[in-house]
Each structure stands twice: as structure tokens, then as C-alpha cells.
Amino acid sequence: MQELILYSHIPPTRHAQVLQILAGITASRPTPTLEQTLLYIQPPATLTGAAKKAQANRQTQVKPQKSTYVKLIRDVQNDGDKTPWTLRTEEVPQAGITNVISRTITERLLSDQDLEAFRQTTGNKTKYCNQFLASPGHRFIHNNLIIRISRILTVPDGTGALEPLDAPVPEVRECRVVDSSGAYLFEVTVRVEDGANSKLVEMGMGEILGFRRLVEGVVDLRVPERLALDSRIK
Amino acid sequence: MAALSLKPWSRASNDTSTLKDILGRVHLERGHFRDITEASLQEELANDGALELSSSSDDEAADEDEEKQEAGNAKPKTREDLWKARAEMLQHLDAAHNDVMIALDFTSLLLTKEAPKVAAPTVSQGLKQEVPLGTLGTDIWHRMPVDKVREVQDEAISTNVRMEALQKSAGSLLAAAERLEGNVRRETRYWGELLGVTEKGWNVCRLPGQRGRLGVTFGFGESVGEFARRGVAALNADAEGAVVLERGIGTKTRGLRVEIRCGQEVVGSSRLPRLVGEDDLTLETRIRHARDSLFDEELYHELVRESRSATSLGVSMKGSSICFHSGADDDGDRAEVSFDLVSLDDSDNVSAKGGLEQDSVAQAIALASRLLLTQAHRDRLRKRAEVPLPISENRKDDQPLLPILKPIIAFLMHQTAIDQCNTYLKRLDKLLSKANLEYQWEKAHVNLPALSDAKCAEAVIRALMQPWKSDSLLSIENHKIAINMETSLAYGFGTNWSLTTHNGGCLRVNDIDELRGAVDRSVAGAIAGTIREKAGEGWTSNERELLLRRGRGEDGKQGKVWVSLSGDMGLLSIASMTKKVSWSTEGESSEMSLAEAWSDIVDVKP
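As given, the protein sequences belong to chains P and G, one line each in that order.
Here the first sequence stands for residues 1 to 234, numbered as in UniProt numbering.
Here the second sequence stands for residues 1 to 606, numbered as in UniProt numbering.
Hints listed in this document are in silico derivations from the structure and should not be mistaken for laboratory results.
The reader is advised that the hints may include incorrect statements.
The calculated SDA-like cross-link candidates involving lysine to any residue, where the alpha carbons are at most 20 Å apart (straight line), are [what the hints assert, rightly or not]:
id, chain 1, residue 1, chain 2, residue 2
1, G, Lys443, G, Asp471
2, P, Lys199, G, Glu393
3, G, Lys469, G, Thr500
4, G, Lys383, P, Leu22
Some, not all, of what chain P presents toward chain G, calculated at C-beta under 8 Å [stated by the list, open to error]:
id, residue
5, Met1
6, Ile146
7, Val192
8, Glu193
Facing chain G, from chain P, some residues (calculated, C-beta under 8 Å) [to be verified]:
id, residue
9, Ala27
10, Thr33
11, Gln42
12, Ile141
13, Asn144
14, Arg191
15, Asp194
16, Asn197
17, Leu200
18, Met203
19, Gly204
No residue lacks a Cβ here, since even glycine has one placed at the ideal position from N, Cα and C.
For reference, chain G alone in the conformation it holds in the complex:
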């Protein structure tokens, strides 16, 4: 490494230092003058040259060697190296000095025990402060003979101790492994069962508010309030890793039961789901029970809410069951339908009471109400997806009532109306047959909607909610009377009757009694019409009074004949001022036919 150094131009050295200065310098460098002789100086010169020579040869050697040689080994070349070497040397010296002083202190301290007064002053100040004097003692030990037995014992002890320690650690590792294996087994079982639950179709989700716990949702998307909250249950792991529903879910299941009563007696009851025995209760069945129970409870809740506003339709609450009557007033025994939420744990509820005659009707009502609830959920979802009105003051935030009772009641009302109409017409039928009239009668029946093109459940339920229409035809010879009934859920909740009379007039009536009266008059009018047709000339019929009259004819006879019909009492009669022929369903009845009766009456002179 060639170091380039730039020196300033050397000027004429005014190195005219006085002898005094030179002497001073020499003294500083070499020490006293006494030691310096010419011979020593010559020797020094020769040594310097040798040194220089040797340093240059050393350099070459160093160049041939690896450059990793310690800097301390090579002769110091630069002034820095010199100073470094000097510092290192001083360091070593200091350390050595320190060690020696410590050894001295040590021996002094030892000696303070033996000879305190003598040794005390030799102890250094620092040690005196740290350690009290006379505290270090010595003992002379003789070299102990090698004791083989003890050595063997020591070996044995040390080996045993080591083995014990190793065994302990091995034991704890094994225990950890076992615990880990147990954990793994539990976790595998837990996740295996959880996957089984998901595969069956249940939705597993995180629980809100509880981190690290999973739950299963078995509720319904459009339930609100309490039922939405209860639709989630946590899935916990028990000691074996099996999945367990949280406490209280799947127990105390309830179901909705529809009962039809006639008087005090139960004539029909819907089926309650049978609970599987406790042993067979798998996780999946428990979730299913919980879902069914939640659905029925929500259904009951909605029914109660609806019944509060449907009192005008005859719906009332008896105790905890919702009841309404379906049946004609005058039939004597009104059938009463009641909805009840019963607990399935009660054995006498579940015991099969099957075989009652109106079981199928009750079962149908229960099924219809469940279907209507799902339809109501669908409607709620659809309404939720419509653009909402702007927020305003008088917005009603309550949940609208779900129409579940109303369609059922509508249908039952319609059926009642049909039954009433048919019974009445049957009575008329008997009456007319006694009078030997020619007539035809078509019964009214329920027009079931065409379901062949109903593609989904929604279409079926919509068909259930349409207004019900039926009609019945009664035709006497050529006069036709049509009774038309329509039951709808909308305006004018109830059955609307309309009667088309034989002369084309259309009459709207409100209930069955009015209808009976109207039918009576209409049929009587029809009968009068037939009589008039057969009677020949001269006779005219007066519709309003059901009167047939003849003006004064050539034989000077004037005739008035009344026709009267009462279906309630089962009485048909034609009468003139003096004579009367009547037929009746109960009691006495004439044997003549209508035609004979007519000629009989007419022949009698007024």
C-alpha cells in the first residue's frame, strides 16, 4: 500500500537551532547524556539500517503470506500502528497489574485472619470497604484417597436422578400427546357432526355477539320480533365432542290443533305430530322439532292478533283457544271450530284420537292455515322489496295483520251458504213433488278452481283466496229461477246472494231468511205462471200478490185464485175465495195433482 503524501516544498531550513535546544531535545528523547557515546550512536545507526532492511524483507514475506496476518505480528509501519501497539501493550500491562494487585489483596485478606494487625494495613482501601476483615479463612486439606465405593454410589445417584428427570419429562410429553389426541378427536367429531347438520340442509352461522360459537338457524326469513330471535340456537360441544343444542331448544315443543265441536262433543280433530321417543332423538330431529314448534307458535300468535279484529265475523277467544262458528243458525247444532296451541309433551294430547268423522275437515283447516302463513311470509318479502314511501309523521309502523283466518272463514261461510241453499231447495223439492209438478233442480256445489295450470305453491294459495261463487238452478216447466252466491274476502265480507227470478228480475238479498222469502215468492210466481199457461184465456197473473184472476167472462164468472208457498212450513196451496187445496210436507196433504186441483177450484162457482 503505497501511501502518497504531499509535502510542501522544502524551504531552506532555518533549522539554526541553538545547541541548547538540541541538547534539550536529545535529553527528552534519549534520557541522560551519560548514556550516549559515539559508539552507541554508531551502533544505533547500524541497527536502524538492519531494522530497515529487515522490515523491507519482512514486507516481502508478508506479501507472500496471506494478508490475514495479525497486524500485531508485523512490525508497526505507520505511526498509528505504533500508537495502537503501544496502547495494547499498556492495556496488557494494566490488566496484569490489576491481577497482581487483586492477588495481593487476596493474600492480605487471608492473612488478616491469621495476623490481623500485621496484615490489616496491606489491604487496599477498596477491599476494606467491601469486605470486612478476617472473613476469609483457610483450611488445609489433605488429599483424599480415592474412594471407589463412594464414587460408584455417586455415579449411581447421578444416573438415577438423571433417569428420573428424563422419565418425568417423557411422562409429561406423553400426557400432552394424549390430551392433544383427545382434543383432535373431539374436534373431529364436532366438525363431523356439524357437517352432517349442514348437509341435511340446515344453515349454520356465526352467533351475533358470541365470538367463536356457531349456531344453527331454523327460523323463517320473514318472521318478526320474538320469533326471529328464537330462530337461532347455539351448537355447543359436550365432553365427547358431540354437538349439543343449547338448553331449552327442542324441548317443550308445541303444536297447533284444530278441533271441531258439535255442542260439547268433539267431532273432529287435526293430527298432531308425534314426538319421537327420547332415545331416538338425534340432533337433526331436535332441530326439526324446534322449527315445527316455532312455526306453530308463530301461527298461533298471528291467529290471535287477527282474531282481535275479526270479532264481527264471530271469532272469539275462549280461554286460550280461538273459536268461531261455522254452520247455519237454525240447524240447531252449530259446529264450532277452535284453534289451540297444545304442548306435545302431554301424553293425552298426543294419543291418537283419530277416527272421528270430521277429522279430515279439521286436518284440512290446520293445513290450510299453515299454508296461508307461508304465503303471508312470501307477501311480506315482496312488500319489503318495493320502493318505500318517504319517511313521514303518520306512518304506521305496526305489522299489518296477516290474512290467515279470513280465507278459512270465507270458505266455511261459502260452504254453509251452499248447504243452507240446498237444504231449503230440498224441502221445496219434496213439496213440489207432492204436487206433481214438473220441475228440474240443480244443486249448488263448490266450484273448485282449476288447478291444472298452477305451477307453484303460490298459485295454489292464490286460488284459495279468490272469491267463491256457486249457483243453483230451479226450473219449473219453462220458468227458471237461479240462485247465485258469492263469498269474498274483500268488500262486504260475507256471502252475497242474488236471485234471478223467472221473469228476469234480479234481486240481491243479504241473508238466508230474506232469500227464503224471495225464493218462496219467486217459486209461487213461477207456479202461478205455469197455471196461467195451462188455464187458458182470460186469466192474468198478478205477480206481486201471487194472484190469478179472470175478468168477467162470458159465463159471468169472475175468479180470483191465490197461490201461496211457504218453504219453512212446507206448505203449498192454491185457494179461491171459497175453496182451497193445499199440499204439505208434514201433516195433511191433498192427493190431487196441481192440474186436478186447478180444475177443481175453477169449476166451483165463485
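Just chain P, with the same shape it has in the complex:
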């Protein structure tokens, strides 16, 4: 599916005020979240023999595919270690669109078998890279928009040496904040099932841009550098 995203930055002194304003806008309380994200490096999918031959016949250039980052995310606020993982792959944001970040993503809740299959690939090719926590985190829902406010923490060294999928969640106390000023990351997302369907994409754009206008004085939603969100590994 296609995801349209806008970002912003909240200084820690204004955190409580922004939470209150959003609670008023959405007419609901914030949902506290504690997200743990694991980063894996996935090598490019290798071509099978037949496909290779077909390509050789056509004499087309094969772009050397790069390894990409793949994320495993789960929210450990309520159920702790028992929460199932979600696998998320992201692509480079689309080039032509400048007022939001628009990228194709796939998200899949991993069942037990899927998790096993993933573990197998971890042994062979997919390599564990890093992990981070997002805490304290809050989530609001406004019509179709998902609004997330969180602070990214890096885990202490040594976590992930053992199998990170099974290890207990790192303690928040021991983690360091990535941004030393203590500022919060503000993220607004809307997801569209089919990126090619322009009517739906228009609807999504309308919603997210309307939300940006709505919070204009409170939160300054911006579009960051598109290539900074590139998920390929150089």
C-alpha cells in the first residue's frame, strides 16, 4: 500500500501542550505506546535461472539491486514480550510529489509460521543490524490519519548480541535518547490501499493536507529530504 507522511519536531517543553491540543482535535485520549523496532538488512532477491535467461535474451540492463533495510515492529506497552511482530518494508519515497512524502510500503503481521520462516532467513542471509525504542510514545487517530508522537531511544550496547527476536525488551531506563535536546518526533500518516488509484490517493492527500492546515499554528508539518528516507543500503 501507499503511505503519505508528514513530519515535525516538538520541543520537550511543548510536549504536554501539543498532546492536549490533539486530544481536543480528535476528541479522544492519547493511546500510550512503546514501540520496539528491529532493523534487518535484507539482501536483494536473486533472480531465478529462467528469468535470467529471459533478460539476457532481451538484452535489457539489469539494475544491480541493492540490499534494503527491513523493519520488525511491535508495541510492547500492553502485552510485553507476547505481542506479535509486524514486518515492514519501505521503498524510496516517490520523486514527483513534493508536498508530502509518498512511499510504497508493505506491512504484514507475522504469525508464528511466518516468524519461523523469518528466523530461517535470518540464519542465512538477512542480517540483524540494529534496534531502537520509541518511548514515551502516544498515538492519536483522526478519521483516517494516524498521528504518532514519540522520542527515539537507542538501546545500550550489547543488546541484540543474542537472538533479538526472543530477547526481553530493553529497559527504558538504560536507553539513551538519540536527540540530546529531548525533542519529540511528530509523525502523521495516512495509508491508501492501492497507490495507483488516483481517486483514493487524492482522498488521502486531501485528508493529510487538511490536517496540516488545521494544526498550522501549533505544529509545523514539513517534508524532509526525500532521499534521507531511502531504505536501500549503499
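Starting from the known structure of chain P, arrange chain G on it as the hints suggest.
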């Protein structure tokens, strides 16, 4: 102030100017030669020296004086000062000249009246263009004697006029002060009442789209559409500053009423809130009436929406009221429950019809429906806070139906099922007692969920929405028959009956008629079983045909005895090929007990 000036080295002055040049210069400076004599020149020299001396002494004096002395007073020291003084003098002269010319023109103009031809040429051109000649005249006035009376009058008039003006201004100031005071009073009253409203718990907010006006919200957070819009009312100030709800709010209040009818007669009715009389209508009560009315209207709206899809459960709309039947089909009189939105202004609606026998049931139904609506609101809020699915083509945007009727109907259905089961078993009970059988019977009753650990309203309502289960036990000597009923809102909406027969078999039936048949057979089977146990050897019982038979025994007798039971008709009988003993609840019934009847039949030779 010492001015430093640098002069170039003085060269040998080639000042060999000719006499002609000198003479020219002197002429320019001094005028004609005639005036210049040696004596005058000497005098001039002496004066210059005196001037110089006096200027230096003046300087000292000036130094002793303050430096704020006018530059014009001191002798001009530098060339600039000289030029400045010259310019000033010229200015004064010019001004004086101007004044004189104007005076001349003035007199000329005057004179043009008296002697036009003579004076006309003396008037300057500029004045001639501006003013026509002969337009300025003169009168000679004699000095008037001092008129005391008039002076006093003038004084009086001027004083009066001044006083009048002052009084007028004083009057307008007073009026302004009064108006201001009135404004302040109105505003104080308005804000005082507004604060009172806020203290009672109502939320006062700005009105969208109307700047400078406040409104009170009495709606509910999770209502949608029309009901969300109607939940806000503007608070206006009237002439006295009292707070007044905008027109139309708090009037035409409506309430939901539940009525239970048996046939045409109303046997139970829920209570409608009583409206306070017009005089006692404070702002707060009006807001409360508006809120209650809005809630009931929303409840009615949701009920109507739900009834459209619940026709399979027997819900229908009669006119403007939602009705459904609760009661057994064969009881003759089916109770009908109807929901109605009535206006509270109508006096005959409000008049207490209390005292009807099923009032409490109707009141309970009304209360349950209101609680279910608040629970539905809570569920809506919870669902709204979940992560939404991505936008896709076939997303249904309609509001889901709120389950308000369904739990109520479920409960009433369960109660009906229990009643049906109990009535039937009671009949069996009578029948069996006539046959002097030993048996035990446990009635079915509603199992109320344990509410002791329900901490909040949500837990109570959830308990209401659970499936209802009850069972009834009938045991004849050692044979047990259990009837189990379960009503749930989920799959298979309705009561599911299951029957556990005396030999352990479990049977599921769909409705009461099937159940009756099954119970009949099962009880008959149990009776057959008891007979067989007492009968002794040789007898076997055939479950399916409810037959007891004995193979050819030593006395060469073969026997077949049937047991039949019909609860509907109230008939129990055991019969062989030739003889029959029967008991019945109505009509004739044998006096023998079952054991006696058995021996009676068996003794008869087949």
C-alpha cells in the same frame, strides 16, 4: 575660539597695481572721491583702532558673561557673522517695507471709495486684481458711552449661556455614566449566570462560525450527524443581562416510552420524566430537558435503524412505534412491547398512568435501552481509537447498527423460553402426580450473572450482553432428564434447546414444539425404564417404540406393553394388546397408581 588659519608663504608682493586700479578700488569702497580727505582718513584710522580696542574689551566682557548672549548683540567677528547680520537687517527692512506698502494700499483702497479717480492709480496692481475698488468703506463712530445696564445684561446672558452649556455637558456625562453602569450590571449578571452554568458541570464553549457568542454543549461526544449538531445551543443575553437559551431549545421535549400491551389493553408503561412547570424553569433545568430530549430522540432513531434489519426477529413498525412480540405463540395472549417517542408537552402523556401490573417490566426495558445506548457510544469511541485500515475502494462508510434492541429481545426470548419450559413441565408434573410416580423436578430460572465484582457500568452492561443459559431437571426415580436452553446474540440468534435424555443421549432441538415431543418421548422412556426395573426378569424395553416386551416365558406368556405420554393432551397411558390404563389431567383418569396398573395389565392373559 581661536581660529587657526594657514596662510601660504607670503611672497614678494607684486602688488604693483597702477594708480588707476587703486583709484577704482577706492571708488568702489568709499564712494566718490569728493568725500575723502586726509582728515577723514585719519579719523577713520583712529576709529578703527578704537573699534579694535573696544571689540577686544567686548570680548572679555563677553567671556565673563554667559555664553548664551545673542550673536546679534555682540559685534560680528567673522565674515559669516557679518553677512548674517546683513541678511537679517535686509530681512527686517524688507518686512518693514512690506508693511508700509500694505498700509499704503489700505489707505488707497479706502480713499477709492471717497475719491475714486484720484486714488485709483495709487492702488498697487496686486491689490487691484484681488479686490475690486471702492469696496472698503469707513464710518466714523463716536465713542459710545458706557452702558451699565447693557453690560450687566451681557454678563448675565453670557453667564447663562455658559451655564447652559455646562449643564448640557454634565447631563450627557451623567447619561453616559448611567449607560455604562447599566452595561456593567448586565455584563456582571450575564457572566455570573454563565459561571453558574459552568459550575453545574455544563461545558460552555465558543460557537463555531459565530464570533463573540458563547454556547453550551449538552450533546454527547459520540453522537453522529444530526444529533451532534443539535447538541450545542447558543447562550444569549436578554435586556436585563439574564442568560437565555436560543429559541427552540428546551421546548418540545420528547421522551421514549415503552408500553406493554396484551391484546388491546395496555398492561404496563414506563415512566416519563415530569416537566417542571413554566415558572420554575431555570436555565439549568432547560438545558437538562434539552439533553434528555436529545438522548431519547437519538435512542429512538437508533432503534428505528436497527428495527429495519431485525424484521426476522419479529420487530415491526406500527405507525411510528417500534413493536415486537414477547411471549409464547400458544399462550393465546401475546404480550407486545412497543417503543414510542412521545412529546412531553402533551398533558395526557404525562399524566400518571402508574399502577399497572407490568409497569416495572416496561420501566426496566426503557432503562436497559438507555444504558445500551451509552454502552454503544463507548464502543464507538473505542473503535475510533484503533488504527484504521488503509483507504480502499470498498470501504463501507455507513455507521454500523448499534445493538440496542437485540440484547433486550434476547433476554425476553430467554425468559419466554423458560416460561414455556416451566409450563410444560408443570403439566407433566400434574400428570405424573396423578399416576403416583416418584419424581423430582427442578424449575428453570434465569441465571443472573454475578455482579459483585462489576466495578463500572461497562462491566454491568457486558454482563447483560452475555448469552443466557438456564436448565431444568426432571428425574424420575433414577432417570434424569435435563433440559438446557441457551440464548445468545451471536450466531443462530434464538434459543438453543438441548435435551439430555435418561440414557445419556443429547438431543438438540430448535423450538418448543419439537422440545415437547422430545420431552414426551424421553419421559415415557424413563417411565418405561422404571417399570422395567420393577417388573423383574424377562422384560426388555425398546426405546424407540416405548415398548416393553417379554419373550415367551415359562408360563408361555408373551407380553407387549406400550407406554405413551402426551403432555399437550395431558395423557399418560400404559397399554397392552387388550387392556389399557390411562391417567389424564383433564377428563377421566384412573385411580390406580402406576405399579398397580402394571400388575393389573400384566396379569391379564395376552
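Hint-by-hint comparison with the structure:
1. Simply put, G:Lys443 and G:Asp471 have alpha-carbon atoms about 8 Å apart, close enough for the 20 Å limit, and the pair holds.
2. This hinted pair checks out: P:Lys199 and G:Glu393 have alpha carbons roughly 9 Å apart, not beyond 20 Å.
3. At most 20 Å may separate the alpha-carbon atoms for a hinted pair to count; G:Lys469 and G:Thr500 meet this at roughly 15 Å.
4. The suggested pairing of G:Lys383 with P:Leu22 holds, with an alpha-carbon distance near 18 Å, which does not exceed 20 Å.
5. With its C-beta approaching chain G no nearer than about 5 Å, P:Met1 sits inside the 8 Å limit, and its interface hint holds.
6. A least Cβ separation of about 6 Å between P:Ile146 and chain G falls short of the 8 Å threshold, and the interface hint therefore holds.
7. With 8 Å as the threshold, the beta carbon of P:Val192 comes within range of chain G, its nearest partner Cβ sitting at about 5 Å, so the hint holds.
8. At about 3 Å, the closest approach between the beta carbon of P:Glu193 and any beta carbon in chain G falls short of 8 Å, and the interface hint on this residue holds.
9. Of the supplied interface hints, the one on P:Ala27 holds, with its beta-carbon coming within about 6 Å of a beta-carbon of chain G, less than 8 Å.
10. With its C-beta approaching chain G no nearer than about 10 Å, P:Thr33 sits outside the 8 Å limit, and its interface hint is violated.
11. Taking 8 Å as the C-beta cut-off, the interface hint given for P:Gln42 is violated, the closest approach to chain G being about 23 Å.
12. With a cut of 8 Å, the hint placing P:Ile141 at the interface with chain G holds, because the nearest CB-to-CB distance is about 6 Å.
13. Checking P:Asn144 against chain G: minimum C-beta separation of about 5 Å stays under 8 Å; hint holds.
14. Because the smallest distance between the Cβ of P:Arg191 and any Cβ of chain G comes to about 4 Å, under 8 Å, the interface hint for this residue holds.
15. For P:Asp194, the interface hint holds, the least distance from its beta-carbon to any beta-carbon of chain G being 7 Å, beneath 8 Å.
16. Given hint, P:Asn197 at the interface with chain G, holds; its Cβ is 7 Å from that chain's nearest Cβ, closer than 8 Å.
17. Annotation: interface hint on P:Leu200 holds; nearest CB of chain G at approximately 5 Å, less than 8 Å.
18. Nearest Cβ of chain G to the Cβ of P:Met203: about 6 Å, under the 8 Å cut. The hint holds.
19. Evaluation of the P:Gly204 hint against chain G yields a held restraint, the C-beta minimum of about 6 Å falling below 8 Å.
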